[in-house]
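Sequential numbering of the sequence shown, starting at 1, is according to the working numbering.
Warning: the hint list may mix true and false statements.
Stated by the list, open to error - No farther apart than 20 Å at their CA atoms in a straight line, the calculated lysine to aspartate or glutamate pairs in the EDC-like style are these:
1) 9 x 118
2) 9 x 114
3) 9 x 104
Hints are computed from structural coordinates only; laboratory data are not their basis.
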Amino acid sequence: MRQIEASTKRIQDNEKAITSYANEYMTHHDNMEALKTKPVVFQSTKCTSCMAPLDLPSVHFLCKHSYHQRCLGDIGDSCPKCQVENQMLEDQRRRQELAAKQHDAFFNKLQSSDDGFEVVASWFSKNPFAFTRLVDQ
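Let the sequences and hints guide you as you build the complete structure.
Put into structure tokens, the structure is as follows:
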């Protein structure tokens, strides 16, 4: 009886996670579509770096941070304030893509697991965009 209750609890937790990931995906998808099709209004009046009023030349990023060009220097094409977080997200995305390509490990884990649904849900949660890339192609 306890095993059934534990399995039911895991199923409910997995369903909540799937719903959460699906909602998060749709939010990001909608944001991406808006960035592709709608203009972005930049209303920042102060430089994110020095906090002085913006004057020309200035650089605006899609994250809505704005800088004097002189404050940026040779930093490149990414927002300095968001750069660390963006790098962490990019690293995580690369790790997820690598993990998604490990089909043998996935099938071995699936065969050795008592709860195949949990394995599948976990795999999709680690790379939710793999399926959309297949559909978009």
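Next item on the list: Report the numbers of all earlier hints that the structure fails to satisfy, in ascending order.
Entry: 3
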